[in-house]
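Colleague: Residue strings, one per chain:
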Amino acid sequence: MEYFLQQLINSLTLGSIYGLIAIGYTMVYGIVGMINFAHGDVFMIGSFVSLIAMVLLGVGTGAFLPLALLVVLLAAILVTSVYGWTLERVAYRPLRGSFRLAALITALGASIFLQNFVQVSQGAKIKPIQPVIQGGFTFFENGSMVVSFSYLQIFIIIITVILLSIFSYIISKTPLGRSQRACEQDLTMSKLLGINVDRTISITFIIGASLASVAGMMFVLYYGVIDFFIGFLTGIKAFTAAVLGGIGSIPGAVIGGLLIGLIETFWSAYFTIEYKDVAVFGILVIVLIFRPYGILGKPEVEKV
Amino acid sequence: MSSKENFSLIIKDLIFTGLIATVLLIPIVGFRTEISTVDSTGLIFNYNFITAFFVVAFIVGIRFLFHIFWFSKIQKKPQENSEKNKKKFLKKLNFYLGVAAAVIAFTLPFMPFANRYIVDVATLVLTYVMLGWGLNIVVGLAGLLDLGYVAFFAVGAYSYALLATTFDLSFWICLPLAGILAAFAGILLGFPVLRLRGDYLAIVTLGFGEIIRLILLNWYEFTGGPDGISRIPRPSFFGFPFARKSEDTTFHELFGLEYSTMHRIIFLYYLILILALITNFFTMKIRNLPVGRAWEALREDETACRAIGINPTNTKLTAFAIGAMFGGFAGSFFATRQGFISPESFTFIESAIILAIVVLGGMGSQIGVVIASILLIGSTELFRELEQFRMLAFGLAMIIIMILKPRGLLANREPSILLNKKNE
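Residue numbers (this note's numbering), protein chains in the order written: chain C, 1 to 304; chain Y, 1 to 424.
Simulated from the structure, these hints should not be mistaken for laboratory data. Certain hints may be false.
[Stated by the list, open to error] Derived lysine-lysine pairs resembling DSS-like cross-links, with alpha carbons at most 30 Å apart:
| # | chain 1 | residue 1 | chain 2 | residue 2 |
| --- | --- | --- | --- | --- |
| 1 | Y | Lys-12 | Y | Lys-405 |
| 2 | Y | Lys-91 | Y | Lys-285 |
| 3 | Y | Lys-88 | Y | Lys-285 |
| 4 | Y | Lys-405 | C | Lys-191 |
| 5 | Y | Lys-92 | Y | Lys-285 |
| 6 | C | Lys-191 | Y | Lys-12 |
Chain C with its partners taken away, still in its complex shape:
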């Protein structure tokens, strides 16, 4: 029971990270209709920028930890969203309206490019950092089993909840969100009605990248070690989350992220840790076969 509870807490933390990345996939897919394959690497860039900012500020040694973390967060969001914007501007916009495979290939190219860019400029070795937020609550202390809810996990979950509320406010209440939803429904019609489609798509990439950068920062704090290759697997799992929740649906992405976190954590806890990625990919395959539109998505209507 204690073990189960502990795994539940762990999976919630992991799920928050996946959910934040999955939103980027799902929004881009909803509006542009392409898989932004490089999104996982944008997340990786976000984690590197946070790492650099943390070392720069000496986070962990200084006194004002919350303030320092806020600065790190803002720096990561700023730099990573510029990456997201540039990615769209350079690699995807010239091919908008071209056939679908073309955009997927440039996305693959961008993913390879970003990975190797970081490898060349930051080195291929893994980067460890000291734990920044330590301690936590413990409860159910009977015998050897302890359930702990660390401050770090609380921090990650709270940040995720805050970001998601801001984000859903933007999507549902502001003019920006309205134009985004309009573009999602019909790109051409939105253009006819005077919505600046290019700008809306750019902003979509910026929002996706900034959420991914926050996930990147959490990843650094939670695992304490990153390298240039983390974007690939994390990205695919987050994409799986987006598909599982129903691609194009934003609440679906969050639910999917939590589910993937749950599956991965419990599989490693109760079965074999070696095959946890196989389990996630297996889920992806099964979902796509039996319910390709996911949990909250709508079935696509076939048109001739």
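Given the structure of chain C, go ahead and fit chain Y onto it with the hints provided.
Modeller: Same frame as chain C, now just chain Y:
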């Protein structure tokens, strides 16, 4: 617009580009993190601002050149060639290029400049050509986006390695077996997922590719896990081994030649050349058979195909299985050439490279695959000294070629057969 106004616009754009590039590059390039040598736990910085500055200046310079040579002319460019002339020209070009490539390929090992290194690189390029042609059946002809093609390559390689090391079978028996096993893998994986379309199929095949790699990595008793399989038997010349001394008659004794290590390398080169040409020949022929026509029809319009009674699942499965079979052949060739295989050779990046070759070459174009392989594999192989910049340039090239020629270098999406148009 006056030229002065134009000029100030360009300056503004350049400043903007510079700003963006600075934000992108200063954090990642400028602050290189290194593990501290003092206490080996903390990270310290190794400042690289000069490099970052030069890269920013380089990007701004490129943008400036764009303004001078590209943007100003983009509107004036007239559409010269009529579609028809272009197609005729492309067809002719395809033919001559094909003949030239075949002649060069067959004579290459005996050229005066050919040394071991060149033949090795050519063998590698040909392996990718064969994989490209195999994948072209799936992606180019049937229009199924497969991001896990390397899985079949892996199945072929491991089939050959395991059959040859455990049962002591010769290369020529294992080769067809490996192909058949890979085709079975194709059917097995293809059956549940082929109802999916486009991007979804791509992601599921990617997932399958990764699953196969993870199984190879973790099933230690069967595959040797991360250690891989070593001492895979080298191929013999139809029973005559390439060795200095052997109990059987060796290759050089058979032909009365001086012993040389080049014999085996050249033999391997011709082996992959023949295998690749078989793939090519097969593809050309099957395009004219009903099943090939059905693939092309499916690629163009699945709903219409269903309406005229083509079974999409079976048709797609054949494409998947045949593509997988050629991947398996290439895999067993890879295993016998290397003598050692491990899951590291079958990562996702390989699938991406093969797909890039097919798409950059122009989907469905056979000669395009050759050109793309030479460009991507040959050129990156030549720049091996710049090891770490190789893949960086590779990713960049993928983006640039795609933007300039979204349909590939030699686009050929013409169905093999068309009804005559009424007004012709």
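Colleague: Hint by hint, say whether it matches the structure.
Modeller: Outcome of the hint check:
1. Y/Lys-12 with Y/Lys-405: This hinted pair holds, its Cα atoms lying about 29 Å apart.
2. Y/Lys-91 with Y/Lys-285: 17 Å, holds
3. Y/Lys-88 with Y/Lys-285: 21 Å, holds
4. Y/Lys-405 with C/Lys-191: With a Cα-Cα distance of about 26 Å, the restraint between Y/Lys-405 and C/Lys-191 holds, given a limit of 30 Å.
5. Y/Lys-92 with Y/Lys-285: The hint holds at about 19 Å.
6. C/Lys-191 with Y/Lys-12: 27 Å, holds
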